[in-house]
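Student: Take the sequences, apply the hints, and build the full model.
Residue numbers (my numbering), protein chains in the order written: chain A, 478 to 650; chain B, 478 to 650; chain C, 478 to 650.
Rather than coming from a laboratory, the hints here were simulated on the basis of the structure.
For each residue, glycine too, the CB sits at the ideal point set by N, CA and C.
Don't take each hint at face value.
[Stated by the list, open to error] When the alpha-carbon atoms are kept at most 25 Å apart in a straight line, the in silico SDA-like pairs for lysine to any residue are as follows: (1) A:Lys-528 x C:Tyr-639; (2) C:Lys-528 x C:Tyr-639; (3) C:Lys-528 x B:Ser-629; (4) A:Lys-528 x A:Asp-506; (5) C:Lys-528 x B:Arg-610; (6) B:Lys-528 x A:Asp-506.
[What the hints assert, rightly or not] Covered by chain B, according to a simulated footprint, are these stretches of chain C (three or more residues, beta-carbon under 8 Å): (7) 479 to 486; (8) 511 to 524; (9) 530 to 542; (10) 547 to 561; (11) 628 to 637.
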Amino acid sequence: MDDVLSELLDRQRILEVVLRYCRGIDRLDMDLVRSAYHPGGIDHHTGFDGKIEDYIPWVERGLGRLGGTMHRIGNHLAEISGDGALVETYGAASHWGEPRDDPTLNFTTGFRYVDWMERRGGLWGIVERIAVREWAHSDAGRWVTLGRPGPSAARSPDDPIYRLRSRLGSPSA
Amino acid sequence: MDDVLSELLDRQRILEVVLRYCRGIDRLDMDLVRSAYHPGGIDHHTGFDGKIEDYIPWVERGLGRLGGTMHRIGNHLAEISGDGALVETYGAASHWGEPRDDPTLNFTTGFRYVDWMERRGGLWGIVERIAVREWAHSDAGRWVTLGRPGPSAARSPDDPIYRLRSRLGSPSA
Amino acid sequence: MDDVLSELLDRQRILEVVLRYCRGIDRLDMDLVRSAYHPGGIDHHTGFDGKIEDYIPWVERGLGRLGGTMHRIGNHLAEISGDGALVETYGAASHWGEPRDDPTLNFTTGFRYVDWMERRGGLWGIVERIAVREWAHSDAGRWVTLGRPGPSAARSPDDPIYRLRSRLGSPSA
Chain A
478 MDDVLSELLD RQRILEVVLR YCRGIDRLDM DLVRSAYHPG GIDHHTGFDG
528 KIEDYIPWVE RGLGRLGGTM HRIGNHLAEI SGDGALVETY GAASHWGEPR
578 DDPTLNFTTG FRYVDWMERR GGLWGIVERI AVREWAHSDA GRWVTLGRPG
628 PSAARSPDDP IYRLRSRLGS PSA
Chain B
478 MDDVLSELLD RQRILEVVLR YCRGIDRLDM DLVRSAYHPG GIDHHTGFDG
528 KIEDYIPWVE RGLGRLGGTM HRIGNHLAEI SGDGALVETY GAASHWGEPR
578 DDPTLNFTTG FRYVDWMERR GGLWGIVERI AVREWAHSDA GRWVTLGRPG
628 PSAARSPDDP IYRLRSRLGS PSA
Chain C
478 MDDVLSELLD RQRILEVVLR YCRGIDRLDM DLVRSAYHPG GIDHHTGFDG
528 KIEDYIPWVE RGLGRLGGTM HRIGNHLAEI SGDGALVETY GAASHWGEPR
578 DDPTLNFTTG FRYVDWMERR GGLWGIVERI AVREWAHSDA GRWVTLGRPG
628 PSAARSPDDP IYRLRSRLGS PSA
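Tutor: Here's what the structure looks like:
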């Protein structure tokens with residue numbers, strides 16, 4: 478049964494790597510993005526091909542041109558072999574910005590992250606990522622204002638996910 | 478290893494709270510929605526701010542104006558500390574209704590549920606939810622009829638998920 | 478605690494059934510699709526009603542008319558009772574093809590897979606699936622070219638998820 482428990486824990490930690498990446502990108506928390514990769518990790522992205530150390534400033538510049546992003550992931554399947562794992566994660570990424578009728582700022586992409594991860598020093602991280610773009614659809618002209626106020630997001634420590642963190646004493650994850 | 482197993486079980490039960498909420502909303506099962514919150518739980522929503530006991534009739538009225546909804550969740554990350562947890566869940570909610578060219582009835586929203594959950598009497602539930610709206614896109618005029626019949630949904634016990642339940646003897650969850 | 482571990486493992490294996498189905502459909506790997514069902518399994522689909530053995534060639538013909546598909550799943554909730562499970566999985570499926578302004582080739586559907594699964598010979602598989610279509614939206618005219626090169630997908634062993642598999646010695650899953 479220990480093998481089963483180890484497998485399930487590995488799966489959880491591997492999933493968390495991808496979740497940290499997405500949160501980091503969407504909240505502009507580049508340290509969190511970086512934490513998803515091992516040092517020297519390689520990223521193959523639409524428009525970028527190289528090391529994580531160069532990917533970080535490149536993606537940060539791109540994100541800075543946008544008003545916000547949301548990287549929603551779905552299907553996540555890890556094939557684990559010892560300290561290595563082949564991990565596929567499906568997702569759709571919403572991008573927005575002003576003016577809202579500009580399709581180069583307002584669009585949604587379908588993607589798959591194909592990650593080669595390794596466990597080093599007990600921690601799973603990305604060694605090589607192939608970010609496959611499946612489709613890109615304009616959202617220009619689709620924005621609707623439903624005229625009701627409500628909680629809003631921030632790409633800063635002012636976002637609710639950070640503001641509520643103080644309630645955690647010593648987080649387990 | 479017991480700690481690991483407890484963590485994984487907590488994560489599963491916390492995820493189920495969010496899943497029950499979504500199913501309840503989409504099937505108009507208000508008891509299921511309510512079961513996701515502890516009594517007196519607070520909900521901050523687009524257009525609503527208050528206790529779950531008041532949220533239920535408010536959201537039920539809004540849902541009644543629509544033909545249907547689908548709250549698809551993705552990224553789900555719980556940070557657990559003892560009997561408390563900070564839980565972020567990404568999602569996209571499709572809304573539809575007649576006439577189908579009305580953008581106030583036919584739209585999709587991107588959201589994040591930022592939940593403070595607690596375990597009380599052994600059960601995890603929402604104590605405070607901040608439902609952050611990220612974007613809202615019109616689906617008016619996008620409907621296509623592909624001309625093929627097939628299974629359909631219901632917001633009642635006639636939905637397939639309820640009809641098949643009789644096959645379960647004594648469900649474990 | 479053994480019961481808890483068994484439950485969590487069952488949940489993982491049940492989820493993998495759905496993940497294998499989606500990957501098989503999107504990569505045109507019909508053996509993988511078939512592996513999600515027990516022999517004689519029944520599928521109720523938009524435009525199809527019958528056994529998996531007949532569903533496979535039917536769906537393969539339909540997929541062949543498209544340039545690609547992406548079946549992104551989200552909410553996944555299994556209610557397990559012994560060797561049976563009632564499993565609901567939410568998803569959105571993107572379809573595309575040429576010409577890209579044809580709404581019968583370029584559209585996204587919202588669906589729920591309502592599956593009755595059973596464990597036979599230690600393996601979970603679908604015995605009956607009701608694929609409920611919730612909505613269908615045209616993506617015709619929404620395609621944007623963002624003018625940057627990057628990794629692309631294939632519906633063949635050339636896809637990155639297959640190319641990287643050689644790095645796995647003996648995969649655990």
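Student: Evaluate each hint against the coordinates.
Tutor: Consistency of the hints with the structure:
no.	hint	in the structure
1	A:Lys-528 x C:Tyr-639	holds (23 Å)
2	C:Lys-528 x C:Tyr-639	violated (29 Å)
3	C:Lys-528 x B:Ser-629	holds (19 Å)
4	A:Lys-528 x A:Asp-506	holds (18 Å)
5	C:Lys-528 x B:Arg-610	violated (42 Å)
6	B:Lys-528 x A:Asp-506	violated (32 Å)
7	479 to 486	holds (count 4)
8	511 to 524	holds (count 4)
9	530 to 542	violated (count 0)
10	547 to 561	holds (count 10)
11	628 to 637	violated (count 0)
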